[in-house]
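Asks: Residue numbers (our numbering), protein chains in the order written: chain A, 1 to 338; chain B, 339 to 676; chain C, 677 to 1014; chain D, 1015 to 1352.
Just so you know, the hints here were simulated from the structure itself, not pulled from any lab data.
These figures come from a predicted structure and were not determined experimentally.
Glycine included, each C-beta is placed from N, C-alpha and C at the ideal position.
There may be inaccurate statements among the hints.
Unchecked claim - Now the in silico label distances, taken between C-beta atoms and shown as ranges:
1. A/Asp337 / C/Pro754: 32 to 42 Å
2. A/Asp337 / C/Lys792: 32 to 42 Å
3. C/Gln703 / B/Asn566: 40 to 50 Å
4. C/Asp846 / D/Gln1025: 44 to 54 Å
5. D/Ile1096 / B/Asn431: 31 to 41 Å
6. A/Gln11 / C/Arg789: 54 to 64 Å
7. B/Gln401 / D/Asp1058: 55 to 65 Å
8. C/Asp846 / A/Gln11: 49 to 59 Å
9. D/Ile1096 / C/Glu695: 48 to 58 Å
10. B/Val352 / D/Tyr1159: 48 to 58 Å
There are 4 protein chains.
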Amino acid sequence: MIITLKKNAPQEEVDRLYENFEEKGLQVNIIQGANFNVFGLVGDTSQISDRDILANEWVENVQRVSAPYKLANRMFHPEDTIVNVGGVKVGGNEKIVIIGGPCSIESKEQIVRIGKEVKDCGADMIRGGAYKPRTSPYSFQGLGYQGLLDMADAREETGLPIVSEVMSADKVDEFVENVDLVQIGARNMQNFDLLKAVGHINKPVLLKRGMSATIEDWIMSAEYIMANGNPNVIMCERGIRTFEKYTRNTMDLAVIPIIKEKTHLPIIIDPSHATGDWKLIEPMSLAAIAAGADGLIIEVHDQPECAWSDGAQSLKPEKFKQLIEKARVVAKAVGRDL
Amino acid sequence: MIITLKKNAPQEEVDRLYENFEEKGLQVNIIQGANFNVFGLVGDTSQISDRDILANEWVENVQRVSAPYKLANRMFHPEDTIVNVGGVKVGGNEKIVIIGGPCSIESKEQIVRIGKEVKDCGADMIRGGAYKPRTSPYSFQGLGYQGLLDMADAREETGLPIVSEVMSADKVDEFVENVDLVQIGARNMQNFDLLKAVGHINKPVLLKRGMSATIEDWIMSAEYIMANGNPNVIMCERGIRTFEKYTRNTMDLAVIPIIKEKTHLPIIIDPSHATGDWKLIEPMSLAAIAAGADGLIIEVHDQPECAWSDGAQSLKPEKFKQLIEKARVVAKAVGRDL
Amino acid sequence: MIITLKKNAPQEEVDRLYENFEEKGLQVNIIQGANFNVFGLVGDTSQISDRDILANEWVENVQRVSAPYKLANRMFHPEDTIVNVGGVKVGGNEKIVIIGGPCSIESKEQIVRIGKEVKDCGADMIRGGAYKPRTSPYSFQGLGYQGLLDMADAREETGLPIVSEVMSADKVDEFVENVDLVQIGARNMQNFDLLKAVGHINKPVLLKRGMSATIEDWIMSAEYIMANGNPNVIMCERGIRTFEKYTRNTMDLAVIPIIKEKTHLPIIIDPSHATGDWKLIEPMSLAAIAAGADGLIIEVHDQPECAWSDGAQSLKPEKFKQLIEKARVVAKAVGRDL
Amino acid sequence: MIITLKKNAPQEEVDRLYENFEEKGLQVNIIQGANFNVFGLVGDTSQISDRDILANEWVENVQRVSAPYKLANRMFHPEDTIVNVGGVKVGGNEKIVIIGGPCSIESKEQIVRIGKEVKDCGADMIRGGAYKPRTSPYSFQGLGYQGLLDMADAREETGLPIVSEVMSADKVDEFVENVDLVQIGARNMQNFDLLKAVGHINKPVLLKRGMSATIEDWIMSAEYIMANGNPNVIMCERGIRTFEKYTRNTMDLAVIPIIKEKTHLPIIIDPSHATGDWKLIEPMSLAAIAAGADGLIIEVHDQPECAWSDGAQSLKPEKFKQLIEKARVVAKAVGRDL
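Extracted from the complex, chain A is given alone in its bound form:
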């Protein structure tokens, strides 16, 4: 950690800071510059908050040299983490996984029917929302627990693992019992109580990136889950909020090589939320595969215009099938199976 001090800082203040860091077991190197003095701290600085040091009025600037995450850090865990989701392996050089299904579970009949369709198209897992985060209190809020039970029937009928989003800590048990991959949605990426709760379970977690989360914030949220005991985290990019209006969000594909460099976790892409427009899903899916994604999660509905939510970004099964076929060719082109 590098701390820049104002040149006019009183000597006693400089000494106090120096001793304070030494007491914490850190080695302090001082560089005298023309306009500033610099402290270089060597040792484990992960327990020190840069913002707390900034509180000192003689401190101009604080910069971290090492990343603030440890368990997720590739530097201390060089080999890829491969997450097993009900038998389907995600990450490393495993087969690229395709997850498909409706935004919302609307009925047992619907989720079983669409579940079978996405399986026929070639999907590896089924997605579906039982508890729905909706911007408006007047929109359909999901079938709740019954939805999870309906979805478990879809697993029964298809043999595919299922993914669904948990929205509060008190429902985590329902998910552990019924689903194979527990999703944390973008709006809850920094709901730290929920992160701690899924840190204590023995089911893998799909962690979506928050709409305005930096990559570092996002990795820190994975670190929360891991630090609470659950190493099985899959990262999922779903677009960030920018000034652009033609798309719902801006899909940030550079995260794929970055997450792979900084961490050892798998990363999949959600082109449905990232674009908000079914017409853009296929090209963005192929781009994600080409950039090295470990999987895709895509909204599929057989009657998008009648869907209870997010019809605008849902693919019809025939288009989903076609997408998988094209994605398979691109995957092969970059040396991956799908």
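Please arrange chains B, C and D on chain A, whose structure you already have, making use of the hints.
Replies: Below, chains B, C and D alone, put in the same frame as chain A:
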């Protein structure tokens, strides 16, 4: 609601849509344009999701004419809502309220001591965090329930109402029992389960704007609380995330006149989080008052450099006192008391 | 164009507006709603500015139905524009073009040497900056006119067309004489005098997207060039500015299918500026090809650590060659040649 | 400057870098950390580009300790710069200046008429656009040179200095001859050829912040003008581009204390462009004054609904007069005259 249809949409599709809207009790007006046809829907469209209509591949565009919120909407509730927080009135033409206190409650002694200091400076309420949303799992997470009890002692000793942030629905009861104003933090602005939970209580709610929430998203979150039964919502701007690096966030003061135009709710400003830099708090506080804010919430610590969190954006009591004195003069200049 | 009027607008004001639009040859349809009245204008509204109508205090909202661009609009020009750059065709189903070369031309020897190297790697054109837009006045500003002459030698020696950025209208003649493709940089995307100037030349233009330009702004800048007489515009995405800090910019690949849907112009991608990090260039290039890009423009330098500018985002020739080979395989996977 | 090196960097590479910096006259301090080594450079690093050092693959990170600007830097020029615009002083503790006038000059009659009105309201200078940067090539582009001549008549008739925007280097002479304050618009903030051109004149420059310019970028653009010989730069905030849709831009008032801390230049605020909505101009103007702004530049039109551009954000004279009266009271409250 205005729906733009592609000119080449098949007639049967247009008819189907037309009937579909009529069945929902809406009156449909059709405008034939050169390149597009337009449906103008008249009636209550709040239950219709624009994104669901967009799912139809012949629909080019959907635009709302009326705002999607009702209970928070100034149009249907012209007079100002004045929220009573333990005897302190917020909003309308009431006295501007000043809330001060530490980021984190560190001990009973600390919160009582700082509570007395902020009272002496002229504050109307005390803030303090018992449950802390921290980006890193390795940072101090707050004293929890004990912190709330300690804070209740500060109220006892000062007579000032107290404000603290609740982070999960299962803790809401603790807050109802112990605090006067229940804060929803920026990271939980779209934690809809938590919004519903505080919608069911009879304590007022301080709703911070999410880091990337549009004003409309934010009002919709207030609508969630109100639709679940709690009309006492105070809006709080705390800065939005942008590309700028010199400040922690970008403080958006235009929200003050906008919230007052679109809704009837009070709005206060948090310059501590909005800037992240104690040096900027005073000028930004004066700006907020001049723009019409109903209050300020400011982090105050008597030893910022030793604070357990957010020292960099905490004011020392003497600077807080000075700020209040200057703010009082500006308030008078814009016709408000403080 | 859809104009929403406040319900309490005085009748004479409504009548005045109505007549005003009719005088402009527009047909006005009125829809009476519960809270608002709506004017639907039919006819050519491209000469009307939505912001001017908003100046009327009774107008709540103005929404365009048709896009504000005509010459660039796919709706009125369904077939792809294919731009011929010194014999190399860009767009449609033509071969994907690869443009490589240094950020700055440092000497005749350097640009000729690197030009030959990029040709050997398989590039179709050479890029190089003679006039350099640098954030600091103390950074190297480019060799200027001499640089263009040096670059013309590189064309002579390699037979490849050359691309360089023009920064002001008074230099346009130099470029017409010496380069094959005239680049407008991101910082000048809304330098309208420069857009008009390159609208009058008979050389094709490479139009980079501004750092905070919406896709519509960007297309409008293309429209400027086209409206002044030059139909040969190639769009180039180079990343937009967001809150993310791990990359220099956020590369927005959704623009590829969107530009192809909304316009008939070719689009190429600049992964060097979009990411700012040589390690990310290869995966982002493959992603761009998979998403349908018509080309790539990449910074290549044989000694990046000694480059006079932008070494951090420059590829060494051997890595550039490897990238082209991988890109060729991905291109084939999506049905394109490269 | 602090350079972080990968621990596994080969010794010869480390030595090479070390010598390279020493040759440039810099003193190099080395700190050996657990995971990284750090070079601390002492000396004048302003001629070194951080991005060029990053090109070295063994370099993990480069961080500046000192700001990259010198002439604009408050550290080397502690006293306030006060800019004299045709007799009106801007900055320091001078009277706050108010600049008003139409977006576009529409005729001699119009600019003289509105000029007199804004003078009667209490304005200190007149603004008006002769050359207009318009997003659409089909919008009114300004009267050009004739507009400047018309505006000079308004100065003649009112005695007030005049401000207008220059859009290209070849027109700078027209402005030197005819206007008192030469404006660089937001879209040209990094049009470096134009910055150099106005660096050579002896008229003061009003430098608007670019829509996505960081504060540092913006100061660097001022540095361009100053480094080319013109010390008379006034900074002008006009809002930045964010995801928010209710306002045209997001007004960033924290720049006021920051520009005053980092530089010695005056700063004024443009609430018209920052908000895009005449209803927001008054509260945002008062906020700017309270935060310490040295002036305001506001669009005023006597018939906004007929204005040839930007009517939506223009104030009528009576509202402008009322704003100035309120602003005067707020100015007094913060110890300034107006």
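Asks: So does C/Asp846 sit 44 to 54 Å from D/Gln1025, Cβ to Cβ?
Replies: With a Cβ separation near 51 Å, C/Asp846 and D/Gln1025 satisfy 44 to 54 Å, so the hint holds.
Asks: Honestly, do C/Gln703 and B/Asn566 meet the 40 to 50 Å range at C-beta?
Replies: holds, 46 Å
Asks: Do D/Ile1096 and B/Asn431 keep their Cβ atoms within the hinted range of 31 to 41 Å?
Replies: Holds, since D/Ile1096 and B/Asn431 (Cβ atoms, about 40 Å apart) stay within the stated range.
Asks: Starting from the hint 55 to 65 Å, judge whether the C-beta atoms of B/Gln401 and D/Asp1058 obey it.
Replies: holds, 56 Å
Asks: Between D/Ile1096 and C/Glu695, is the Cβ distance one that fits in 48 to 58 Å?
Replies: Once the Cβ atoms are compared, 52 Å apart, the range 48 to 58 Å for C/Glu695 and D/Ile1096 holds.
Asks: Taking 54 to 64 Å as the stated bounds, is the beta-carbon spacing between A/Gln11 and C/Arg789 within them?
Replies: holds, 55 Å
Asks: The hint says 48 to 58 Å between B/Val352 and D/Tyr1159; measuring C-beta to C-beta, is that right?
Replies: Cβ of B/Val352 to Cβ of D/Tyr1159: about 53 Å, so the range 48 to 58 Å holds.
Asks: A/Asp337 and C/Lys792, beta-carbon distance inside 32 to 42 Å?
Replies: Holds: the Cβ-Cβ distance is about 39 Å, inside 32 to 42 Å.
Asks: Given the range 49 to 59 Å, decide if the beta-carbon distance of C/Asp846 to A/Gln11 lies inside it.
Replies: holds, 57 Å
Asks: Taking the CB of A/Asp337 and the CB of C/Pro754, does the distance hold inside 32 to 42 Å?
Replies: holds, 39 Å
Every hint from the earlier list agrees with this structure, and none is contradicted.
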